[in-house]
Amino acid sequence: MAGLDKTSTSEINNVSRNVESLDNSKILLNHMEISVTESEKRANSALNIRDYYTVYLIETKPLDGGFQLPSNSLGMLWRRYTEFEQLRSYLEISYPSIIIPPLPEKRPLYTWQNSPTDTFDPDFIDRRRVGLENFLHRVASHPDLCGDNLFIGFLQQEEGWRESIKETGYIHLAENKLRSINIGFQSLKTVDPRFEKMKNYA
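Residue numbers (our numbering): -12 to 189.
These are calculated hints, taken from the structure and not from any lab test.
Certain hints may be false.
Each computed PhoX-like pair below joins lysine-lysine, with the alpha-carbon atoms no more than 25 angstroms apart [stated by the list, open to error]:
| id | residue 1 | residue 2 |
| --- | --- | --- |
| 1 | 153 | 93 |
| 2 | 13 | 48 |
| 3 | 93 | 28 |
With the hints as constraints, model all of the structure from the sequences given.
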């Protein structure tokens, strides 16, 4: 009996190792280094109004041939925080059963910190950079999310990515989702006529 138990345990361990190996082979982060290494302040001049924003440098380095990458893939590219927001919203709509990792805060959390210059404070920018890298690592570690074409494109393709993600219609789907939630809340606020009658009677 003891021999049987030992054999069964060994078989279970072998199966577990095989499953773990299979899962690991599908994890992008096991096949690619992903880093958010730098930040840069830029100016967007339009209609004589100078608007400043921050971009972040994403560097990627394939470790092996475990993942098929686009033919025009880049080893580094710049992304704005708003593009990270677009990516997360798209993933949230496309994978409703999966909890999408959070992004770092867009602005300092405390009201006394919210002066116009705070979003360009070096310490805040660096914390956000680390948070954005952590977000990418968590998505790249998820077996279902990491193989998404638009996620791969976010890391590798500068030209055409914004157009591609808009073509998915995720914005329209997100608006419909928000609208249905609002309708649900409104229905909760609707008072049952019987209770209204009792209240007036009292």
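For this session: Could you check the structure against the hints above and give me the numbers of any it violates, in ascending order?
Result: Every hint satisfied by this model.
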